[in-house]
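Take a look at the letters that make up each chain.
There are 2 protein chains.
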Amino acid sequence: MLQQHLAKRVEALKPSAIRELLKHSKMPGVISLGGGIPSPELFDRTGLEMATDKVMKGHFLDAFQYGLSEGFPPLREAISELCRGRGITAGIDNILVTSGSQQSLDLLVRTLVNPGDKVVVERPTYLAALQVLQLSQADIRSVGTDKDGMIVDELEILLQSQSVKMVYIVPTFGNPGGVVLSDARRRKLVELAKQYNFVIIEDDPYGEINFTDQTFKTLYQHAAEAGADGHVIYTSTFSKILAPGLRVGWVVLPDWIRQKAAIVKQATDLHTSAQSQAMAASYLSLNRLADQIGMIREAYRDKCHFLAEQMNRELGEHITFHMPQGGMFLWATFRYDFDTTAWLSRTLEEGVVYVPGEFFYSDNADKRTLRLSYATPTRSELEQAVARLKKALP
Amino acid sequence: MLQQHLAKRVEALKPSAIRELLKHSKMPGVISLGGGIPSPELFDRTGLEMATDKVMKGHFLDAFQYGLSEGFPPLREAISELCRGRGITAGIDNILVTSGSQQSLDLLVRTLVNPGDKVVVERPTYLAALQVLQLSQADIRSVGTDKDGMIVDELEILLQSQSVKMVYIVPTFGNPGGVVLSDARRRKLVELAKQYNFVIIEDDPYGEINFTDQTFKTLYQHAAEAGADGHVIYTSTFSKILAPGLRVGWVVLPDWIRQKAAIVKQATDLHTSAQSQAMAASYLSLNRLADQIGMIREAYRDKCHFLAEQMNRELGEHITFHMPQGGMFLWATFRYDFDTTAWLSRTLEEGVVYVPGEFFYSDNADKRTLRLSYATPTRSELEQAVARLKKALP
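Those protein sequence lines, which keep their order, are chains B and C.
Last residue of the first sequence: 386 in our numbering, with the numbers rising by one and none dropped.
Last residue of the second sequence: 386 in our numbering, with the numbers rising by one and none dropped.
The hints are simulated quantities; they were obtained by calculation from the structure and are not laboratory data.
Heads up, a few of these hints could be off.
Which copy is meant is left open, so a pair is good if it fits within one copy or across any two.
Taking lysine to aspartate or glutamate pairs in the DMTMM-like style, the calculated list, with each CA pair at most 20 angstroms apart, reads [claimed, not checked]:
| # | residue 1 | residue 2 |
| --- | --- | --- |
| 1 | K0 | D131 |
| 2 | K157 | D247 |
| 3 | K383 | E306 |
| 4 | K157 | E350 |
| 5 | K209 | D140 |
| 6 | K6 | D85 |
| 7 | K110 | E148 |
| 8 | K46 | D221 |
| 9 | K0 | D109 |
| 10 | K49 | E33 |
| 11 | K0 | D247 |
| 12 | K6 | D247 |
| 13 | K157 | E3 |
| 14 | K382 | E306 |
| 15 | K383 | D145 |
| 16 | K180 | E375 |
| 17 | K186 | E309 |
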C-alpha cells in the first residue's frame, strides 16, 4: 500500500547490475574485471598521511565546521590551477566543488533537464549517467561511436530533426569504450553546439590517465576558441587520480548557470564534506599529484598492454577490441553473435567477472560486447582471468 | 540565450537569504545570531584527533576506496545502536547513511514526491526544506504551530478535503520555532498518517540537545506502537552533536522504500564521503559521544537562558517568545506590527544579524518574527547583541 507513494521517476529504476557484480567480485577466489575501481596499491599513502596531518594541525575548523556551498576556497584555487594545466581557464568563481563526478552529473541534469527534454549520449555510454538521466525523466537519444569516439555526423543528422537540450560525452578515454574523440570531431561537436544551441557536458574523469605522448584538447578549450563559450560545462574528479573515497570532484560552470547550480548544490547537501575538501586541498599543496599521476599512468598502461596481449593470444579468434590509449577499461566485442549477459553466470563459475556490454546502452544494445577493467588486478590475476574466460567459452 | 536551458524547477530558486546573512555575519565586528552553526569551541578536538588516528592506522582503505551506497557497515551498526537509545529499533539494512540531513530530505523528496504532490510543512518550518520542496515542484501546504508544535487538528481539517502525500516535521526543538510537539499530538499525527495514508518525515537534528529531564518519544516509536509502521521515516545527523563539516547524517527507512532510496542515493553521489563515514564510525567507537552531547547541552542551555534573560529585560516590552526546551534557536515575535526583514539593514548598521522570520514560511508569513541562534556567540556577545538590537529599534 505504501509503495504507491513512490515517485513516478523512481518506478523504472533498477538496482544497478554493477552493484550485483561487486557482490560477486568479493567472493573468495573470484577475479574481478568489473568495477572501475582504482588499484588501492597505487594510493599515495604517505601523501594522504601528510595531508591528514596538515588538515588536523592547520585546517581543523575548515575540515569540521560548515563551509560554503560552492566549496572550500583554497581547494577551488588549486583546482583552477589544475585546470590551467589542462588548457582550461577558469577563475574560482566558476568552479563548484562536488561530491564526485556522479554528483556533478546529477547536479547539472537537475539544473538543466526538464522531463521530456532530449539528451544525447554515446552508444555505449557510462551506465551511471543513464541512471541519472532516467531519474530526470529525460528523453534519452543515443549516437553511435567508433574508434574515434562519438560519430558526430550521426549527431548532426539527429539535430536536423530534433531539438536537443544536452549532449553528455566522455571524450577522452571514454567509459566503457576507452576511445578518444578525434580533434576534428571535437571541433565539429562544438560548432554544432553553437549552431543548434545545445549544452555539452564534458565528463573527464580519465583524461590524466594517458598512455600516449599526445595531449587531447578539451571540448571546453575548443569552445573557447570557436566562440562557443558557455556551451561546454566541464567536469572532473579526484576519484581516479587521488582517492575515490574522498568523493571530491568539480564542475567548471559558465556564468549563465553558476548561480543556479550553486543553489541546487545547497539544496542537495549544503556542501561537500569539508574534511574531504580540506584533505584534497592539503594534498594538492604537497605537489605530489603529478608524480602520483605519472605512477598511475605507468601502472595502468602496463596492465592494459598485458591484458591486451593475453586477450589477443588466448581469445583473439573470438574477441576483438581497440587498443585503449588511456583510462581504465578495455572494451571488447565477440567476433560472432554472442550474449555476454548470459555468459556471465558461466564465467562466474570459472571465477571471473566483467560487466556485460548491454548495460552501457540506452537502446540498440550490442550483446556481443563486454567491458574489462584492468586497474585493480595484478598481472598474474589478469593472466588467470583471461585463461578462465577462455575456459568458460561455450 | 543559454539561460533558456535552465530547467523549469530552478527558475524560482533564489539564493538563500541565509547565504547573504552568512556573508554579513563574517564582517568584522558583526555579532551573528544568524545561522544554525554549532559553536566551534564545543568541537571535541581530542576525540576527532583520536578518530583520525584510528582511521589512518586501521581503516585506510575504508576511508579512501569506493564503498557501498548504503554506507559503511560499521557506521550503520553504530547508528543502529545510537537509534536504540532514542527508542528506535532498526537493523543496519534499514539504515542509509547520507551526507547530512539536507541530503536525507532531498533524497526522500526525490524518491517520493511527484510534481504537484501535496506536502504539508509547519508554519514556520526549516527554510532549506522549503527549498528542497520547491525544487521537487511539490504543492506545499502549511499548518500552523503553537507552543505545543504543529496544530494537528488543523492538519486533520486539511486532510478531510485534500489528498496529502507527505508531512515534513521537526517535532523536537523545531527549527525555527524551538518548540516540542506534545505527546498527545504525536499520537494523533501518527493515527492520521494511518487513517489518511500519508508518509511522515520526522527530521530530528536537535533531539539530543535537550535542556529538560524529559524524554520525548519519537514519531517513529509512536508509529510502531500504533501499528502505523512504515508511515514514519526518521532522519538525523551528526552535524549538531559532532561536526557539521563531516556531512554525515542518516535515514531510517521502512522496507517499502529502502531499495529505491538506495538507488537514488547511488545515482546522486554513489555514496557519502568514505573518509567522513570512517571518521564518524571511529569517533563513535571511542564512546565519547555521550559526554560530548552532555557538554553541548549544558553550554547551549546556559546560553539560551542567558539570551532569554537579556531579551526579557531589554526588549520584553517589544518582543515576546516561548522559552526553548532545547535546540539552537530562540524564535521571537514583536508584540506589535513590525517588519523584521526591513529592520535587518538597521540592525546590521549596529553590528548584529539574525534571520528574519518570513523566510521560514511557505505562505502567510508573520513578518513580526525573527530567529535568534544562541549556539555560537559567547555570553558577552549575546549581551552586546541584545543591546545592539535595542539600539536599532525605531
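**OP:** Check K0 against D131 for me: Cα-Cα at most 20 angstroms, and say if that holds within a copy, between copies, both or neither.
**Re:** This pair counts as both: shortest intra-copy Cα distance 15 angstroms, inter-copy 16 angstroms.
**OP:** State whether the alpha carbon distance between K157 and D247 is at most 20 angstroms within one copy, between copies, both, or neither.
**Re:** within (18 angstroms within a copy, 37 angstroms between copies)
**OP:** Give the relationship of K6 and D85 under a CA distance limit of 20 angstroms: within one copy only, between copies only, both, or neither.
**Re:** between (37 angstroms within a copy, 18 angstroms between copies)
Original post:
Between K209 and D140, at a C-alpha cutoff of 20 angstroms, which is it: within one copy, between copies, both, or neither?
Top reply: Within one copy, since 14 angstroms is at most 20 angstroms while 62 angstroms is not.
**OP:** Using 20 angstroms as the alpha carbon limit, work out where K186 and E309 are close: within a copy, between copies, both or neither.
**Re:** neither (44 angstroms within a copy, 63 angstroms between copies)
Original post:
For the identical chains here, do K383 and D145 meet the 20 angstroms Cα criterion within one copy, between copies, both, or neither?
Top reply: Answer is neither; intra-copy 41 angstroms and inter-copy 70 angstroms both fail.
Subject >> Intra- versus inter-subunit Cα pairing at 20 angstroms for K49 with E33 >> reply: between (27 angstroms within a copy, 16 angstroms between copies)
Original post:
Which holds for K46 with D221 at a C-alpha limit of 20 angstroms: within a copy, between copies, both or neither?
Top reply: neither (38 angstroms within a copy, 47 angstroms between copies)
Original post:
Taking 20 angstroms as the upper bound on the Cα-Cα distance, should K0 and D247 be classified as within, between, both, or neither?
Top reply: For K0 and D247, the Cα distance is within 20 angstroms only across copies (18 angstroms; inside one copy 33 angstroms).
**OP:** Tell me, please, which holds for K180 and E375 at an alpha-carbon limit of 20 angstroms: within, between, both or neither?
**Re:** For K180 and E375, neither the intra-copy (41 angstroms) nor the inter-copy (65 angstroms) Cα distance is at most 20 angstroms.
Original post:
How do K157 and E350 come out at 20 angstroms by Cα distance, when the copy is not named: within, between, both, or neither?
Top reply: Answer is neither: 25 angstroms inside a copy and 36 angstroms across each miss the 20 angstroms cutoff.
Subject >> Identical-chain pair category, K6 with D247, by Cα at 20 angstroms >> reply: between (36 angstroms within a copy, 16 angstroms between copies)
Hint compliance for this structure: hints 4, 8, 15, 16 and 17 are not met, and every other hint is.
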